[in-house]
Amino acid sequence: MPEDVQPTYVEEPCTYVFQTDLAADERLQQVSVNIDRDSDFMLTGIHGSSDDAYTMNFRLPSGRLYSNAEIPNTDIIGTANQPTAIGPPPIYRAGSSGPQLDLTNLISGTNNVLIIFDGIRRIRTT
Amino acid sequence: MLNRPWQDPSGTDWTDALNPLAKPGFSQNNNPFAFALLKDPLMLALRLASGIEPRLFVCPDDRSRTIPAGQTIDFEAPIDPNTWLWALNASSRPNNTDFLFNITDSVTGASMFSQPVSMRSYNAAVTGLNNSGVSGNRGPLHLVKPHLYVPPSFPVVRIINTSDADLRCWVNLFCCVELP
Chain A
1 MPEDVQPTYV EEPCTYVFQT DLAADERLQQ VSVNIDRDSD FMLTGIHGSS
51 DDAYTMNFRL PSGRLYSNAE IPNTDIIGTA NQPTAIGPPP IYRAGSSGPQ
101 LDLTNLISGT NNVLIIFDGI RRIRTT
Chain B
1 MLNRPWQDPS GTDWTDALNP LAKPGFSQNN NPFAFALLKD PLMLALRLAS
51 GIEPRLFVCP DDRSRTIPAG QTIDFEAPID PNTWLWALNA SSRPNNTDFL
101 FNITDSVTGA SMFSQPVSMR SYNAAVTGLN NSGVSGNRGP LHLVKPHLYV
151 PPSFPVVRII NTSDADLRCW VNLFCCVELP
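The listed protein sequences correspond, in order, to chains A and B.
Take the first sequence: its letter number 67 is residue 67 in the numbering used here, and every next letter is one higher.
Take the second sequence: its letter number 64 is residue 64 in the numbering used here, and every next letter is one higher.
Excised from the complex, chain A in its bound form (with noise of 0.2 Å):
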């Protein structure tokens, strides 16, 4: 391709799903949520729901984790209506391991935790 001529790309909507049951006092770190190979994905807000409290990071494309501390769920898990805005919006790349999860269950009992990655899919055409 020559040089001076840009890749070009068709824009989707877009929503990653991840779902666990935490075990009492369970930590998980770095869980992948894998992001699909045919395309780029633009994560633009978060929202979701749990049993009880726990606490989350993620990591970033660049492998920086997005915050300094695992942060409360009631803190930065939004809703549907209003999911929580991650701007400006990091790009994960096509095949990558997605934001890798840090996730702890902050009660003694199981805690079904599903979290939903909102933003776009980018896939390139040309």
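Hints are not guaranteed to be accurate.
Said to hold, decoys possible - Computed footprint of chain A on chain B; a stretch qualifies when at least three of its residues, placed anywhere within it, have a C-beta under 8 Å from a C-beta of chain A:
#, segment
1, 19-26
2, 50-57
3, 65-72
4, 105-118
5, 138-152
6, 157-169
Unchecked claim - For each label pair, taking beta carbons as the anchor points, the in silico distance ranges come out as:
#, chain 1, residue 1, chain 2, residue 2, range
7, A, V10, B, D164, 27 to 35 Å
8, A, G63, B, D8, 33 to 41 Å
9, B, A36, A, Q29, 34 to 42 Å
10, A, I107, B, T72, 39 to 47 Å
To be verified - Under 8 Å between C-beta atoms, here's a sample of chain A residues computed to sit facing chain B:
#, residue
11, V10
12, M42
13, T44
14, T55
15, S62
16, A69
17, P72
18, G78
19, Q82
20, G87
21, P89
22, P90
23, A94
Calculated from the structure, these hints are not laboratory results.
Every residue gets a Cβ at the ideal spot worked out from N, C-alpha and C, and that includes glycine.
Please build the complex by placing chain B on the supplied structure of chain A, with the hints as guidance.
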């Protein structure tokens, strides 16, 4: 609301996470304050700039740190150079018990609030309190204008536990940083 002109969605940048036209929750009717921030020229520049990465700073970063009843702590947020603060929220355990906090610029000494503010005013829960831990919140509360911490300044978060019980308190700074 019904008097507002229809906007062609094909002209909306849906890839912009902070575009008030793309997010119903940020619309002028639903949240005029967030709407005003997001169309502020500085915020617009941050939204559209390349080489900007989102960051979140939980203060204090030791989540198990307990603040004794009646005690005050100062936490120096470990930000990167050229960090922009654009939103924040706060919470505590147990039971989202109220506390006071303020944020001060380490170099200029300028405080974000003229006096320490109640955590409940900046708690993410829609009702003001959400003890169950079940989601249902409004996310971070936006500042009227993003604030740049020019090196070597950084935010100092002061947390005052005004209750008669020991608390774990957190003030969360939603930022973005200019990558070198």
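Q.
Looking only at beta-carbon atoms, does the pair B:A36, A:Q29 fall within the given range of 34 to 42 Å?
A. holds, 39 Å
Q) Does A:P90 meet its interface restraint, that is, does its C-beta lie within less than 8 Å of any C-beta in chain B? A) Since the shortest Cβ distance to chain B is 7 Å, the answer is holds.
**Q.** Hint status (Cβ of A:G78 to nearest Cβ of chain B, threshold 8 Å)
**A.** holds, 5 Å
Q. Given A:T44 was flagged as interface, is its beta-carbon under 8 Å from a beta-carbon of chain B?
A. holds, 4 Å
Q) Is 33 to 41 Å a correct range for the gap between the Cβ atoms of A:G63 and B:D8? A) holds, 39 Å
Q) Is the hint on A:M42 kept, meaning its closest Cβ partner in chain B is under 8 Å away? A) holds, 5 Å
Q | Interface restraint verdict for A:P72 against chain B (beta-carbon cut-off 8 Å) | A | Where the cut-off is 8 Å and the nearest Cβ of chain B is about 6 Å from A:P72, the hint holds.
Q. Per the CB criterion, is A:S62 less than 8 Å away from chain B?
A. A:S62 check passes; min Cβ-Cβ to chain B is 6 Å, inside 8 Å.
(Q) Assuming the hint says 27 to 35 Å, is it satisfied by the Cβ distance from A:V10 to B:D164 or not? (A) violated, 59 Å
Q. Does the CB of A:G87 sit less than 8 Å away from some CB of chain B?
A. holds, 4 Å
Q) Taking 8 Å as the C-beta cutoff, is the stated coverage of the segment 50-57 of chain B by chain A satisfied by three or more residues? A) holds (count 6)
(Q) Hint A:V10 vs chain B: min CB-CB distance below 8 Å? (A) Violated. Min distance 12 Å.
Hints 3, 4, 6, 7, 10, 11, 23, counting from the list given before, are not met by this structure.
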